[in-house]
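Undergrad: Okay, here's what each chain looks like letter by letter:
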Amino acid sequence: MSEARTASVREVVIIGSGPAGLTAAIYAARANLAPLVIEGHPSSTSDQPGGQLMLTSDIENFPGFIEGLAGPELMGNMRSQAARFGAEFLTTKAERVDFSAQPFRIWAPDPSTGAEVEHSARSVIVSTGARSLMLGLPAEERLLSKGVSTCATCDGFFFRGQEIAVIGGGDSALEEAMFLTKFGETVTVVHRRKELRASKIMQDRAFKNPKIKFVWDSVVTDIAGTSKVEGIHLRNTATGEDSYLPVGGVFVAIGHVPNTNVFNGTLDMDDAGYLVTAAGSTATNVPGVFACGDVQDHTYRQAITAAGTGCMAAIDVERWLEAAGHDS
Amino acid sequence: MLHPPEVGTDPGPPRRKAITVTQLELTLTDQTFDEEIQAATEPVLVDFWAEWCGPCKMVAPILDEIAAEQQGKLRVGKINIDENLELARRFEVMSIPTMILFKDGEPQMRIVGAKGKGQLLQELNAYL
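Sequence lines, in order, name chains A and B. Per this note's numbering, the first sequence starts with residue 1, numbered consecutively. Per this note's numbering, the second sequence starts with residue 1001, numbered consecutively.
Incorrect hints may appear among the rest.
[What the hints assert, rightly or not] Taking lysine to aspartate or glutamate pairs in the EDC-like style, the calculated list, with each CA pair at most 16 Å apart, reads:
| id | chain 1 | residue 1 | chain 2 | residue 2 |
| --- | --- | --- | --- | --- |
| 1 | B | Lys-1073 | B | Asp-1104 |
| 2 | A | Lys-146 | B | Asp-1104 |
| 3 | A | Lys-228 | B | Glu-1092 |
| 4 | A | Lys-182 | B | Asp-1082 |
| 5 | A | Lys-213 | A | Glu-185 |
[Claimed, not checked] Derived CB-CB ranges, DEER-like:
| id | chain 1 | residue 1 | chain 2 | residue 2 | range |
| --- | --- | --- | --- | --- | --- |
| 6 | B | Gln-1071 | A | Ala-278 | 48 to 58 Å |
| 7 | A | Pro-138 | B | Glu-1123 | 21 to 31 Å |
| 8 | A | Lys-194 | B | Glu-1083 | 55 to 65 Å |
[Said to hold, decoys possible] One-sided excerpt, in silico: chain B residues whose CB lies under 7 Å from chain A:
| id | residue |
| --- | --- |
| 9 | Arg-1110 |
| 10 | Val-1112 |
| 11 | Gly-1113 |
Simulated from the structure, these hints should not be mistaken for lab results. Built from N, CA and C at the ideal position, the CB exists for glycine as well.
Isolated chain B (complex conformation) (with noise of 0.2 Å):
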């Protein structure tokens, strides 16, 4: 809602439809955290939201982006820590948006707050 596509210097490509990005995103749960981020064949920066955090949803269509553009290279997980408190404690969430790197099921780096894609793409190329 906050973002819709930007426009200005250079229009780019249009964005991809929610629903293939839908598909990109893994859904985790303190029921399939373990399962999910240890078969995951790609690095995953697993984002730590809510529905409450307005930092959360400036990120959220960015992240997308970067999901969609870094197919093969990187997958992004989704935890909504209101249903999955369990999670948050046990990677001591204590701020969201939280987003930490997870390759070969385990944690690499973390990234508190909202960045921009610029930023979140610097911070990550070193790992992908």
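For reference, chain A alone in the conformation it holds in the complex (with noise of 0.2 Å):
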């Protein structure tokens, strides 16, 4: 296939659209730059156009919204509200970059052909989010679909009246389990450490539903089932003692990756493989890229927080490459 090249260099090209990207192409697009969201590819595992939060079902704490709405719709308002003033969609993921030189190089497949397509930019908002740890279990990836899970609200319909099991101990872990109390007859919480990570209101409520169990200090060794799980084999690390828990569903929300292997070599990242900013700036190692949201956040790691250092993003692209217009 022949690779096509698109015609002019952007001023900013936004690789990513949960809401730190969003928000930063409408601010972006409010500074008249035009931006050119890579909004990245339709899957099921959080690594999607609208982020991990097209996989939440209720989000309550974003501000302004009284009653709490749903995941995709907030995504949705934020993406049109980004086009209504000029930001530029392509459904693909950015699959290669060169950030060597100017202009910037960005490569993408097409969307239906799958042929790469060379877009370039004078400067570059990063935004390409976490998505879920899975736990690494030979049987997690053949039952994965057919009982295990990452999305509670995608596939908890389909385990109506039977018991499931959360694997985590975090906000998402206990968010999935309280959604599932809807469909499921019990639902085990399976955390490897004796104290939960969760915040405390999600505790507190957890603890309350009568439908979700505990079970502290344990790792999920294997998953059985052949062509749907039937249970889950667990090691009690303090006393070193197995058990078998019958369930029909396991969902893992064990934490978050960052979706950062196409900066490799480019891009400085932590240990974890999150991206470096400057303090109080959205600014990576390299002059005119710049990066916001869960890629370069494991601390907070809210949609509130993601959208305010897309914001900070936009913000400093603006100045970026009006100082560099002014030295060019």
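Starting from two chains that each stand alone, build the complex the way the hints lay out.
TA: See the structure below:
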């Protein structure tokens, strides 16, 4: 397949379209920078257009929505808002970048034909977010979508009246567990420690919910079942004791890994692969490349903090372009 | 709502009106499924979806486009699993979106999870 090239050099290309990328797009579009958003490739694993919130049923803590709203609704609104000011979207995933010289270049397959297309820009905002970590068991891959899931809102429905396990101890794990009580007979939260990482309000709600049980100090050693999940094998890390929990569904919520593979060797990262930005700014080690949202944040990881850093990135880009324009 | 016409390198032809697509797509139910799938002269890609599923909303406009472009070669069928749980059970759907391709009334292959247009077409091509 021959390689196509976009005609003009963009002022800014935004890679990723969660709350960080779309907020950056709103600000950049309003600043007349005509941003192109390479929004991601449709998938069901949280590395997709709209980001992780596409897999979230209820968002209760995004300011301005008194009764809360569904994740896809919030992301659809943000996208339409950015489009209203002239942001353009490409439903594809950036697969290669070259930030070694101006203009920066980004390659992504054409959404329909799959042929690689080159895009060039004077500045780039990276907002590729993070995706769910999996347990890494061979059985997990075999049974994915056959009882193993990372998306309670997508798959919870199919486990009506069954026993369900949620693996993890953070806010996402408890959110999933709470949501799953609508369907499951009981929901067992399996956590490798004795204490949850989740926020106080989530813990209180989970402890009060009669359908939620907890198994502490335990890790999943195997998932039983050939064509569908039948149960999970557990090991208590404190006592070394093995046990078996019969369940029809296993929801994995053990944390996240940043989507930064494409920037290996180009952008500075910490040990966990998160992009490093200058303190009080969204600047990466490459002048003209900025990062916002979960891809550079393993501390807060909220829709609102992602949106906040997205706004910062757009303002940083605007100032950088202005300064760079004066230099040349 | 989530996917207005794509713009960028090549705006392409304007998107067809939704009304055309609705006529192209088969709405299948627990009651009508067997009759409709047996009667179909082209292969039918059946999409199991629900209103509350984010990834289903991502894949829906892509299936609309495929239905319009592959007219005569492929039909797209929709099954709302909230209203047709029997079919979801019968085909052991445990994650949505799930798309099953039926040819001569028999399931040929299944695609689980939202995928891009290029990827869907690639997987479908062998059967068209």
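Undergrad: Each hint needs a verdict: does it hold in this structure or not?
TA: Hint by hint, here is what the structure shows:
1. Lys-1073(B) with Asp-1104(B): holds, 13 Å
2. Lys-146(A) with Asp-1104(B): violated, 26 Å
3. Lys-228(A) with Glu-1092(B): Given that 16 Å is the threshold and the Cα spacing comes to 9 Å, the pair holds.
4. Lys-182(A) with Asp-1082(B): holds, 14 Å
5. Lys-213(A) with Glu-185(A): This hinted pair holds, its Cα atoms lying about 11 Å apart.
6. Gln-1071(B) with Ala-278(A): 48 to 58 Å: holds, 53 Å
7. Pro-138(A) with Glu-1123(B): 21 to 31 Å: Taking Cβ atoms as reference, Pro-138(A) and Glu-1123(B) lie about 24 Å apart, which means the hint holds.
8. Lys-194(A) with Glu-1083(B): 55 to 65 Å: violated, 44 Å
9. Arg-1110: violated, 10 Å
10. Val-1112: For Val-1112(B), the interface hint holds, since the closest Cβ of chain A sits about 4 Å away, which is under 7 Å.
11. Gly-1113: holds, 4 Å
Hint check: violations occur at hints 2, 8 and 9; the rest are consistent with the structure.
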